[in-house]
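Participant: Sequence:
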Amino acid sequence: MEIEEVTPSEVRTPTALPNFIASNIRLLRKRLGWSQSELADRVNLNRGNIASYESGSAEPSICKLLRISNVFHVTTRDITRLDLRDKDQLLLAKRTHAAEARKENERFLAFRDRADELGELVSSSRKLFDYKRSHLENPCKEAEIFAVQYQQLYEVTQQLMKEHQELLGSLGCQCKQ
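The sequence shown runs 23 to 199 under this note's numbering.
Heads up, a few of these hints could be off.
Straight-line distance between alpha carbons at most 30 Å, and here's what the computed DSBU-like set of lysine-lysine pairs gives [claimed, not checked]:
1) Lys52 / Lys109
2) Lys52 / Lys125
3) Lys154 / Lys125
4) Lys163 / Lys149
5) Lys184 / Lys125
6) Lys184 / Lys154
7) Lys116 / Lys86
Hints in this document: simulated from the structure, not taken from any laboratory. None of the values given here were measured: they were computed from a predicted structure.
Can you make the complete structure from the sequences, with help from the hints?
Facilitator: Laid out in structure tokens, this is it:
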């Protein structure tokens, strides 16, 4: 088996993806009639950050880009890769963001519903445990050990459920921002 040599001219270098962050931030901000300071206030940054992003001298971190894209109702992918000066591209970007936001909201609601179901299941389990325990006349030593272990698991489960609800609550607040 022969190995072919490849000359440097035959090596394909990957083409760079277009990056429209600077022009899109500026375009979207101006379309809304906001100053750099107003945009900065809305995304919890300073005016200098926005100015450097718009000039192309810096790029926002992914977290900052996410806040910026959300305030403009476009996805991070679209704000970076689409030329939003094209009205069709902008309309597509807005629709994509709206569809993704709907999916995210549906997913959040499903998590919340599932948490409620699990809470009811745990509560029913506790009621059954209490009922069975109250109707045992002379529980054996093993039954008492299992009862203690169940109560410990129940307490841990209650703590996890509480923390899960708090997490869902904080996510719900973020979804509405």
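Participant: Now, for every hint given, state plainly whether the structure supports it.
Facilitator: Hints, one by one, checked against the model:
1. Taken as a hint, the lysine 52 and lysine 109 pair is honoured in the structure, with Cα atoms around 14 Å apart against an allowance of 30 Å.
2. With a C-alpha separation of about 29 Å, the suggested pairing of lysine 52 with lysine 125 holds against the 30 Å cut-off.
3. A distance of roughly 43 Å separates the Cα atoms of lysine 154 and lysine 125; the hinted pair therefore is violated under the 30 Å criterion.
4. With a C-alpha separation of about 22 Å, the suggested pair lysine 163 and lysine 149 falls inside the 30 Å cut-off, and the hint holds.
5. Of the supplied pair hints, the one linking lysine 184 and lysine 125 holds, its CA atoms being roughly 25 Å apart against a limit of 30 Å.
6. Only pairs whose Cα atoms come within 30 Å are accepted, and lysine 184 paired with lysine 154 is accepted, the gap being roughly 26 Å.
7. Between lysine 116 and lysine 86 the CA atoms are separated by roughly 19 Å; this keeps the pair inside 30 Å, and the hint holds.
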